Amino acid sequence: MMIRRCNLLSHVWLVLILLPFTLWAKTKEFHLTIENHVFTPSELKVPANEKVKLIIYNKDKVAEEFDSFDLNREKVLFPGKKTTIFIGPLQEGIYEYFGEYNPNTARGIILVEVNHAD
Amino acid sequence: MGFRKLLILLLIFSKVVFADGLVVDKVYHPYVLPNEKEFEWRLMSRQKENKTLLGQRIAYGQSLSETVMIEGYLVGEKTEVEDFGLQAYEIEVRWMLTEQGELWADWGMLFEIEKMHTSNDWEVTTGILFEKEFGRTSLTMNLFGIYEWGENLQDELEIEFRLKYRYRWLPQIQPAIEIYTGENYFGIGPAFMGIQRFDGQKQLKWEAGFITELSNSGKDHSLRIALEYEF
Numbered sequence: 001m002m003i004r005r006c007n008l009l010s011h012v013w014l015v016l017i018l019l020p021f022t023l024w025a026k027t028k029e030f031h032l033t034i035e036n037h038v039f040t041p042s043e044l045k046v047p048a049n050e051k052v053k054l055i056i057y058n059k060d061k062v063a064e065e066f067d068s069f070d071l072n073r074e075k076v077l078f079p080g081k082k083t084t085i086f087i088g089p090l091q092e093g094i095y096e097y098f099g100e101y102n103p104n105t106a107r108g109i110i111l112v113e114v115n116h117a118d
Numbered sequence: 001m002g003f004r005k006l007l008i009l010l011l012i013f014s015k016v017v018f019a020d021g022l023v024v025d026k027v028y029h030p031y032v033l034p035n036e037k038e039f040e041w042r043l044m045s046r047q048k049e050n051k052t053l054l055g056q057r058i059a060y061g062q063s064l065s066e067t068v069m070i071e072g073y074l075v076g077e078k079t080e081v082e083d084f085g086l087q088a089y090e091i092e093v094r095w096m097l098t099e100q101g102e103l104w105a106d107w108g109m110l111f112e113i114e115k116m117h118t119s120n121d122w123e124v125t126t127g128i129l130f131e132k133e134f135g136r137t138s139l140t141m142n143l144f145g146i147y148e149w150g151e152n153l154q155d156e157l158e159i160e161f162r163l164k165y166r167y168r169w170l171p172q173i174q175p176a177i178e179i180y181t182g183e184n185y186f187g188i189g190p191a192f193m194g195i196q197r198f199d200g201q202k203q204l205k206w207e208a209g210f211i212t213e214l215s216n217s218g219k220d221h222s223l224r225i226a227l228e229y230e231f
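As you go down the protein sequences, you meet chains A and B in turn.
Residues in the first sequence are numbered consecutively from 1, following our numbering.
Residues in the second sequence are numbered consecutively from 1, following our numbering.
Be careful, since some hints might not be right.
To be verified - Within a straight-line C-alpha distance of at most 30 Å, the following computed DSS-like cross-link-like pairs (lysine-lysine) qualify:
1. B:K37 to A:K53
2. B:K37 to A:K81
3. B:K115 to A:K61
4. B:K132 to A:K45
5. A:K59 to B:K78
6. B:K115 to B:K37
7. B:K202 to A:K82
8. A:K51 to B:K132
9. A:K51 to B:K205
10. B:K115 to A:K81
11. A:K82 to B:K132
12. A:K51 to A:K81
13. B:K132 to A:K26
14. A:K82 to B:K205
15. A:K53 to B:K115
16. A:K81 to B:K202
17. A:K28 to B:K132
18. B:K132 to A:K53
19. A:K61 to B:K132
20. A:K82 to B:K115
21. B:K132 to A:K81
22. A:K53 to B:K202
23. A:K59 to B:K202
To be verified - For the chain A half of the interface with chain B, some residues (derived, Cβ under 7 Å), not all of them:
24. Y57
25. F86
26. E100
None of these hints come from the bench; they were simulated from the model.
Source: prediction; values computed, not measured.
The C-beta atom is built at its ideal place from N, Cα and C for all residues, glycine as well.
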């Protein structure tokens with residue numbers, strides 16, 4: 001009986017693991033740059049209710065850490081490299097983020113719009 | 001399969017399995033940050049009718065890569081027959097399997113090996129870590145398989161399940177409900193976690209929970225507290 005229950009549990013977890021591959025869809029890409037510890041553009045508009053891919057190019061010679069409680073994301077941006085962060089699906093609104101090493105200059109917002117023009 | 005049905009299935013089938021020791025501990029998130037180092041302290045106190053079990057852990061951890069973190073623990077426990085003292089050593093590896101937010105849910109794995117301090121007894125744990133965002137809430141689940149063996153232990157395979165459903169209200173206060181199962185134990189109760197950032201990568205995280213055992217009659221409450229200083 002115990003073995004049967006363990007088998008069922010493993011099947012449940014297998015379903016959870018495989019489910020994402022059945023829901024695969026092309027994700028829209030948006031770009032940010034950080035240079036001289038400033039994010040550009042400082043206001044980025046993205047569509048509501050869908051997952052989007054942020055590609056952040058760190059042009060500085062030092063690492064930065066993208067941090068946003070609103071977006072529930074924390075990610076190291078290595079110097080001279082592009083880093084991908086997946087966000088959403090999000091409801092309409094303003095979502096703030098900042099760079100942990102330079103929080104006074106490295107700040108920006110993600111503006112999530114329902115009627116977003118790509 | 002509806003997500004609610006899936007959750008109910010997991011709870012039902014986790015409830016009937018068995019594990020030893022303190023079941024209430026911590027619900028792990030499947031994330032690793034590169035360049036991260038941390039000190040951690042955990043306290044777990046379980047009060048039954050006329051017994052108190054106490055566990056404390058201190059640890060140092062650091063990430064080895066963008067997806068792997070290693071942590072070493074000193075484990076202290078006060079059991080029903082022993083006073084508080086150093087009980088075991090443990091090495092833990094967490095592996096972030098998927099990029100946060102890329103797939104339908106986020107996945108990680110956990111591996112632990114623990115040796116008792118004064119005896120040749122061992123415990124190996126392998127676990128699946130799961131997290132899924134629902135707007136401003138996050139569901140985190142852990143499923144662990146635990147194998148024990150040694151001179152004082154009968155070879156035994158156990159399963160534990162942990163769940164946390166958290167509302168990301170404020171960085172400092174994120175209320176949650178937590179569920180722990182194992183050792184013929186089913187506990188549920190309120191919890192919260194919070195985070196305070198300092199300069200750069202320095203931040204202090206705290207967690208606390210008060211879990212009540214429901215499957216048996218009689219008093220059985222567990223308090224857990226955890227502090228993590230990341231730098």
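Checking against the hints above, which ones are violated?
3, 5, 10, 15, 19, 20 and 24
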